[in-house]
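Colleague: With chain A fixed as given, assemble chain B onto it according to the hints.
Each protein sequence line maps, in turn, to chains A and B.
In this text, residue positions in the first sequence follow the working numbering: the first is 1, and each later residue adds one.
In this text, residue positions in the second sequence follow the working numbering: the first is 1001, and each later residue adds one.
Hints are not guaranteed to be accurate.
Pairs of lysine-lysine, BS3-like flavour, derived with a Cα cap of 27 Å [said to hold, decoys possible]:
| no. | chain 1 | residue 1 | chain 2 | residue 2 |
| --- | --- | --- | --- | --- |
| 1 | B | K1444 | A | K71 |
| 2 | A | K351 | B | K1075 |
| 3 | A | K42 | B | K1075 |
| 4 | B | K1444 | A | K89 |
| 5 | A | K291 | B | K1444 |
| 6 | A | K297 | B | K1444 |
Listed below are several chain A residues computed to face chain B (Cβ distance under 7 Å; list not exhaustive) [stated by the list, open to error]:
| no. | residue |
| --- | --- |
| 7 | D50 |
| 8 | A80 |
| 9 | R93 |
| 10 | V125 |
| 11 | T229 |
| 12 | Y260 |
| 13 | T332 |
These are computed hints drawn from the structure, not numbers from a lab.
Predicted model only: the values in this text are computed from it and were never measured.
All residues carry an ideal CB built from backbone N, CA and C; glycine is no exception.
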Amino acid sequence: MRSTKRLAAGALAAALGVTTLAACGGSDGTKASGTASGSGGKTVTLVSHDSFNASAPVLKAFTAETGYTVKVLKSGDAGAALNQEILTKGSPRGDVFFGVDNTLLSRALDNGIFTPYEAKGLDRVPGDVQLDKDKHRVTPIDTGDICVNYDKKYFADKKLSPPQSFGDLIKPEYKDLLVTENVATSSPGLGFMLGSVATYGDDGWQDYWKKLKANGVKVVDGWEQAYNTDFSGSAGGKKAKGDRPLVVSYASSPPAEVIYADPKPAEAPTGVATGTCFRQTEFAGLLQGAKNEAGGKALLDFLISKKFQQDMPLQMFVDPVAKDAALPAEFTKYGTKITESTTVAPDKIAKNRDQWVKTWSSLVLK
Amino acid sequence: MVLARPEVDGPDANGPDTDAPGAGRRGGEARADAVARRGALRRGGMRFALMALPLVFFALFFAWPVAAIVGRGLKADGAWQFGRITEVLGDPDIGHVLWFTTWQALASTALTLAIALPGAYVFARLDFPGKQLLRAAVTVPFVLPTVVVGTAFLALLGRGGLLDQLWGVRLDTTVWAILLAHVFFNYAVVVRTVGGLWSQLDPRQEEAARVLGASRLAAWRRVTLPALGPAVAAAALMVFLFTFTSFGVVQILGGPTFSTLEVEIYRQTAELLDLPTAAVLTIVQFAAVGAILAVHAWTVRRRESALKLVDPAQTARRPRGAAQRVLLGSVLAVVALLILLPIGVLVQRSLDTPDGYGFGYYRALQAAGDNGSFLVPPIEAIGNSLQYALAATAIALVVGGLAAAALARRGTGRLMRSFDALLMLPLGVSAVTVGFGFLITLDKPPLDLRTSWILVPLAQALVGTPFVVRIMLPVLRAVDGRLREAAAVLGASPLRAWREVDLPLVRRALLVAAGFAFAVSLGEFGATVFIARPDHPTLPVAVARLLGRAGDLNYGQAMALSTILMVVCAVSLLVLERIRTDRGGEF
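Just chain A, with the same shape it has in the complex:
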C-alpha cells in the first residue's frame, strides 16, 4: 500500500517534469521552427544588449510593411553583447546587431563584423553622427548624453546653486557630493572620464581627476548602485537614504523619474548639469554572414524610419537621430535639451582606452 502511494508520487513528479518540458517546447517551439525554416525567409533576427526595447505595435507595423517578423535576442550589457558578436564573427546568431556605441565602434569595425549597407532614409540623419560615412558599415540609430545629475531639493535646501560644468565639480562647495562609476566596468563611468579627456586634453585630465579625488568623489562599480543607492535625488536612492546629491547618469534620467512615478510630480526631482555631458551615439549594422540579408537590410531601414525613431525615446530613454522624429512631450517638458556635448573620436578611444583606464584606476582607486 505504502509502496504504491510512493510510486504514484514518483510517477507524478516524473510526469510533471515531462509535461513541463513539453509545455516549454510548445510555447517556444513555434518560434524556433520559424527560424529554422525561415533562414533567408520570414524571420529577421536582431541581436542586441539588454537595454534594447521596442513597443509591440511598432514591431507589428514592421511585419505588416515588410512581411518579416522580428526576433530579438538580448545578450548582456553593451560591451559583452558586442564581444559575443566578435567571437562568433562569420557565423552570427542573427542578422542585425544593434548597440555599438562610439566608445566601442572602432573595436567593432576593426574586427570586421559588419557588411556595408547604406540604409534608406539616411539623408534625414545629420552628418555629424554618421561616424562611418564613407563605408556605411554601421548606421547611427540614437544618441544619448552622459551628464552629472543633481538632486534639486538638496541644492534648494542648502541655498546652493547646482554645479554646471566639469570645472565646478572640483570647487570646495561641492566637496563630498559626487558619486560616479568605475571606468573599467561601467559605460556612464567611461563616458564621464572621456568627457574629462575631451575637456582638459590628453595631458590635463589626470590632474583634473586628482583634484576630483581630493574633493571627495565616490566611485562605485555600476550605474545601478550609484543611481539607486548613493544618489539622494532618485526614487531608489531616497529609499536607500542616499547621501550624494550629484551622480553621473544620463540626460534622460530626469524625465524617467517623472514617467515612472505615480502620482506624477509637476516637475522632475532631478536636474542635469549641462556643461558635464559626453555624447554617446549608438549604431546598428548588418552582420557579416547573416542568414537573412534582405530582411536585415529592411530592418536597418526601419530602425531609422520615423515610426521607430519616435517610439524609441520612451522605450530606451535615448534621443532619435532622424531629424523628422518628434520628441515625446515628457522629454521636452521634464528633460533638458543638451546643446553642447563633449566627445572623443572612436579611433582615438580605441587606441588609448586601455591605457586611460589603467591610469585612471591607479589615480583614483588606489
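Modeller: Only chain B this time, still in chain A's reference frame:
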C-alpha cells in the same frame, strides 16, 4: 545546499542499519560470489550504460565549450602560447587579485563556520516553534541572485542602515561587507551539511560516555566531534569553494577596489575580450577548484567510517536549562540580524509606494508596458522562470540521477571517484567562460543551439546536477544491494528490481534533489545573462533590467519581483522541509 544527507556510508557499507553479524553473512556469500562473477561483465556494461548520458552531457555542454574558449585564448596563429601563462601570472595586479581571492575566501570560511556552527547545533538538537519555516528561510539567500541581495545587504551595512543607526558603523565598501555577505549566503551550507548529520547522531553515545565518567566537554570532544569532523570539513570546503569563486557579492558590495579571480575573468572575457589573459586565469581557477574538490572527495571518503544514525525527530528536544536557552536566543538573534533583516528590507521596499504601504508595485508588474517598459509584462518572467527551472530540474535529475546510480554501484574505482569530482567542476567555473564557450562550439547544425531556449535550462542544469548527485549518491549507496539480488533471484528484471526496490527507497531523496535543483535553477543568474535568448526574461534577469532603469516604478517593481522570487524559492524549500521529515528514519 543539501549536502545535508551525510555521506557516512561508503561504497562498501551496506547502509546504516544493516550491521549484519558476520556469521549470518558468510552463508550467503558463496552464492553471492557466484552471482557476482557471472554478473561482473554485465555490471561493467551496465555502469557504462548508466554513465553514457552524463558523460555526453558534460562533454558537450561543459568540457568542450570551456576547452574551446581556453584554447582560443592560448592559441595564436595555430601555435600554443604557453609563455602567456608566466606573463599573466607575473603581472602584479593579477598577483594582487590572486592574493585577495585566497585570503578573503579563507576569512569568509572561518567566519561562516564560527557563526553557523552554533546554528547547526540549534537546528539539529533543539526543538522550537517555527523551526521548519526558519530552516527554509536561512536557505533562501543561497538560491537568491546576488543582484537582489547586494541591494538589500547595503540596507544593513551601508549608510542609514541598522548598524549605522545603532552605532554609527558603516561597512559598505570595506572588506567586512564582503565577508558578512558571504556568511549570509553560506550559512545554510553549514547548517544543512553539519546540522543534517548532527541531528542523526545518536545522543545516547554521548550520554553513555558521561555515564562512564567523562565530563560534558570531554564527552563532546571524544564522541561527537570525531563523528562531526568530516562533515565540518566538507562544509568548510564547500563554503571555501563558493567564496573563492564569488562574483556578484564582491562586485556589488566590495566596490571597485576589491576584485576576485572570478570578477577578473568576467572583466577580461566579457568587457575586454582579452581571451589570452582570461584563459590563463581560468586555468588558475580550474587548478584551485580542482584541488579543493580533491580534498573534498578525500574528506568524503574519510567519512566512510560506520556511524550509527537515528531518526532526527528523536534527537531534537525542547531547550533545557539556561545555557541552551541563551544559545537558542543568540542563534535566533544572529539569524534575524544577518538573514531575516536584509530579506525584510526587500519586502518593505516592495510595499513602500509613494501613497503609503500597499501593493501598487505588484499591480504594476501585470501591466504590459504601455509607456515604455517591457515587451512583455514583468509578471510573465515568473512563468518563464518556472518553465525554465522545471526543464532544468528534469535535465539535472536525469543526468545527475544516472551519474549517481552509476557511482553508487559497488566496486567504485579511482576513475569513477574522479568522475564524481568532475561533476562538481561547473560550480567552480565562471558562467561567462561557459557562456562564451557555448557561442563558439554549439554553432553548427545539428547542434546550433545558440539561439534556442533549451540552452538556458541546459546551463542551469549544469549548476543543478552537482547538487542532485551529492544528494542522491549517499542514499543510493545506502540501498542494500542484497535486496536487489533477492529481487533478481526471485525473477525480477533489472528494471523491475530498480522500480520495486530502489525507487521506493530513494523517492524522498529524489524529491529533495528535485526541489533543490529547482530552487538553484530559479535563482541562477550568471549563465542566463550570457545566453542570448528570445524575449523571455527569467526573474533574475527581469530584476536586473528593472534595476538598470531610472524611476520609482522601475525600482519598486524590481523590489516586488525580488520578493516574489524569494517567496517562490522559500515555498519550494519549505515543501522540501516537509518531505525531509514526513516519514523520518527511512534512510
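Colleague: Take the hints in turn and mark each one as holding or not.
Modeller: Evaluation of the provided hints:
| no. | hint | verdict |
| --- | --- | --- |
| 1 | B:K1444 x A:K71 | 20 Å, holds |
| 2 | A:K351 x B:K1075 | 24 Å, holds |
| 3 | A:K42 x B:K1075 | 39 Å, violated |
| 4 | B:K1444 x A:K89 | 13 Å, holds |
| 5 | A:K291 x B:K1444 | 13 Å, holds |
| 6 | A:K297 x B:K1444 | 24 Å, holds |
| 7 | D50 | 6 Å, holds |
| 8 | A80 | 4 Å, holds |
| 9 | R93 | 5 Å, holds |
| 10 | V125 | 22 Å, violated |
| 11 | T229 | 6 Å, holds |
| 12 | Y260 | 3 Å, holds |
| 13 | T332 | 15 Å, violated |
The structure fails to meet hints 3, 10, 13 from the earlier list, while all remaining hints are met.
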